[in-house]
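**Student:** Which chain is which? The protein sequence lines are Z and X, in order.
Taking this note's numbering, the leading residue of the first sequence gets 1, the next gets one more, and so forth.
Taking this note's numbering, the leading residue of the second sequence gets 1, the next gets one more, and so forth.
Check each hint, because a few of them may be wrong.
[Claimed, not checked] Derived, one-sided and incomplete: chain X residues facing chain Z with beta-carbon distance under 7 Å:
{"no.": "1", "residue": "E305"}
{"no.": "2", "residue": "S306"}
{"no.": "3", "residue": "V309"}
[To be verified] Computed cross-link-like contacts, DSBU-like style, restricted to lysine-lysine with a CA-CA straight-line distance of at most 35 Å:
{"no.": "4", "chain 1": "Z", "residue 1": "K285", "chain 2": "X", "residue 2": "K375"}
{"no.": "5", "chain 1": "X", "residue 1": "K303", "chain 2": "Z", "residue 2": "K115"}
{"no.": "6", "chain 1": "X", "residue 1": "K367", "chain 2": "Z", "residue 2": "K115"}
{"no.": "7", "chain 1": "Z", "residue 1": "K104", "chain 2": "X", "residue 2": "K276"}
{"no.": "8", "chain 1": "Z", "residue 1": "K104", "chain 2": "X", "residue 2": "K375"}
{"no.": "9", "chain 1": "X", "residue 1": "K367", "chain 2": "Z", "residue 2": "K158"}
{"no.": "10", "chain 1": "Z", "residue 1": "K190", "chain 2": "Z", "residue 2": "K297"}
{"no.": "11", "chain 1": "Z", "residue 1": "K2", "chain 2": "X", "residue 2": "K276"}
{"no.": "12", "chain 1": "Z", "residue 1": "K158", "chain 2": "X", "residue 2": "K276"}
{"no.": "13", "chain 1": "Z", "residue 1": "K285", "chain 2": "X", "residue 2": "K303"}
{"no.": "14", "chain 1": "Z", "residue 1": "K190", "chain 2": "X", "residue 2": "K303"}
{"no.": "15", "chain 1": "X", "residue 1": "K367", "chain 2": "Z", "residue 2": "K2"}
Because the hints were derived from the structure by calculation, they are not lab data.
By construction, the Cβ of each residue, glycine as well, lies at the ideal position given by its N, Cα and C atoms.
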Amino acid sequence: MKIVAAMSGGVDSAVAAARMAEAGHEVIGVHLALSSNPQKYRSGARGCCTIEDSHDARRAADMIGIPFYIWDMAEEFHDGVVENFIEEYANGRTPNPCLRCNEKIKFAAVLERAKGLGFDGVATGHYAQMRETDFGRTMHRAVDPGKDQSYVLAVLNKEQLDGALFPLGDTVKDDVRIEAKKRGLYVANKPDSHDICFIPSGNNAGWLRDRLGSESGPIVDEDGKQVGEHQGAYTYTIGQRRGLHLSVPTEGGTPRYVLKIEPKTNTVVVGSKDALAISHIEGEKAIWCGPQPEAGKVHRGFAQIRAHGAPLPCEYRTDGVSIVADLDEPLLGLATGQGLVIYDGDRVVGSATVSATE
Amino acid sequence: MAIYLDHAATTPMLPAAIDAYSRQMAQIGNASSLHTQGRSVRKAVEESRELIAQAAGCEASEIIFTGSGTEANNLAIKGFFWSNPSKKTIVVSTIEHHAVLDPVEWLREHEGANVIHAPVTSEGLIDLAALKAIIENNREEIALIAVMHSNNEVGTLQPIADVVKMAGDIPVHTDAVQSFGKVVFDFADLGVTSATISAHKLGGPLGVAALILKRGLDITPLLHGGGQERDIRSSTVNAPGIVSFAAAVDQALMNLRENYFKVSALADQLRAGITKAVPSAIFNGGGEERLPGIVNVTFPGTKNESLLVLLDLAGISASQGSACSAGVQRPSHVLLAMDISEVNADATIRFSLGTTTSEEDIASVCKAISAVVSKAGL
């Protein structure tokens, strides 16, 4: 096959590219420039789109012996990921930009360009597995549970997944590092990337404040009584307890948690831990990684609501465009805007964006 | 088979230049030493300086060897600016190479320079009327005017003699890196105050270039530490590089006329072949006189990132014309200055031909280009 290997400059994508080349595919390495001014997103060893990272990717491609190019996706990234991130916060939601990047950039804009240039698919260093099953070609969790990234890939539809290759899904991270060393890839010891790559400081609240302003507003309890003041509702997360600086204590001094963010009235609602518990999750904009489960029927499976969260046993149903999940055990705190991913065992069924909880 | 059409980026070293380089590398001695070996190396350097001076139409003492064309441009721009503290304005054309634009921008940010960009026409030629107005309105404040001799992206030759005439006693610097060795370049004849030339663009080695600076002028140095080159540039004299530079200049100048017509004819063939294969193609850069080997072409509806990948995979090396440090292709400032839309600038690539380019190379490109363009337009 003719494959585009997306190379971030990190160890995983380098080994993934090397494996594809070794398997006899015709491979080119492509690094995505996600900022038109790379210094702007420079974040030392943490990010995935700095000048150093593009050099690291180039050197890895040299060592593997494949052609290497840089594709400028800055505009697509800004419009599809950064703007969406700001907009979601402005609407009182807590978005996951890595999901949007996979959905709109890596397996949309890149895959589309790759196909246009005559390539068959895009390989990345994500930890997930594609397998042939009774449901066709389906996505499954990686063998390394600590690194499994099927959650952030669950935004890819069947067609996108058909053009996706994840050569590392069958390997644990430690072995990938050992393999990188054996292959002479000097990125072998490079630390993993964390945090949000376009917020190099790691100070998400400060970054958002610069873009959304810091209009103060009331913090109220469940009865609507004001108990404090905030400096920008979007800097709070559902379930947050620290840093609320409430002026009115509760009876008995029990701690209070953020329950709800209401952007229209610029209000943050707090309450007891019990009030955080939810077991009913509604998600919109459903995406199916394989066949769509039968509509109207109740299915059993697992819901996952964070990248490295636990799979939560649940019953779920769908009408095709939304997913409703009822958890067996209640869960403490879930922000709208997060990704709801449904699993059938280790198979990824699909995902939706959390729109309401109870 | 690899087809190299990026000669404006760098061109293969001439065998005579490789020979000269190897021979000089085997010679012991620092050109600044007083002993026999030192004098012997110095002799080779000075003979080279004289040869290059003769070829460039200047005095040997006007040549200041540097480590690169970028260094020579920096030296001229910062040197003139710093050596005349009473004048704070720099006039620079909008289509200069980054080796000129960036030091000017640095002076603006860090040293309080006032920068005026002189516009170009849609053909890529300096707008003389606009330049005249700029000079007349700011004459007393201008420290330096910088207009390149020929443009590296679109190949236009600039009317430098006219610029010099307008400038009067204001210093004029010209970046002649792409011109020297390919078209007629005569320092004294042009009347400029300083000019940059570089070895690797004409078949010499990397790591050696020169600032030609009018006799009697002192500009503030960038490097201090020995004053080897006229007290304006310090560093141990790069004898092998300089000797090899001279060998390349000797060859290039001896064959200037023949090479000019050969490369021009190949470029014409390429333009004709592209037009036949892709009738919508637009060629950029006008003027009566041009660099012979530059073919700058827009394929509307494509992305140059895709064009370059497809050409590379087909064994054809072309370029966008300029790239930033991260390798990200941004729309060319030269094309934008020529009033070409951002979309079309993003659909533009540069083929640059050299003396080693063959008719077969051109025929192969003309054969491949139609498929490449239609794929890159998807």
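**Student:** Now look at each hint and say whether the structure bears it out.
**Tutor:** Going through the hints against the structure:
1. E305: Holds. Min distance 6 Å.
2. S306: With a closest approach of 6 Å, the X:S306 hint holds.
3. V309: At 5 Å from the nearest chain Z Cβ, X:V309 passes the 7 Å test, so the hint holds.
4. Z:K285 / X:K375: Between Z:K285 and X:K375 the Cα gap is close to 33 Å, so the pair holds against 35 Å.
5. X:K303 / Z:K115: Cα-Cα ~14 Å, so holds.
6. X:K367 / Z:K115: Holds: X:K367 and Z:K115 sit about 23 Å apart, inside 35 Å.
7. Z:K104 / X:K276: violated (38 Å)
8. Z:K104 / X:K375: Between Z:K104 and X:K375 the Cα gap is close to 22 Å, so the pair holds against 35 Å.
9. X:K367 / Z:K158: violated (38 Å)
10. Z:K190 / Z:K297: Violated. Z:K190 to Z:K297 sits at ~47 Å, over the 35 Å cutoff.
11. Z:K2 / X:K276: Answer holds: Z:K2 to X:K276 is near 30 Å, not above 35 Å.
12. Z:K158 / X:K276: violated (42 Å)
13. Z:K285 / X:K303: It holds: about 32 Å lies between the C-alpha atoms, which stays within 35 Å.
14. Z:K190 / X:K303: holds (33 Å)
15. X:K367 / Z:K2: holds (23 Å)
Consistency with the previously given hints fails for numbers 7, 9, 10 and 12, ordered from lowest to highest.
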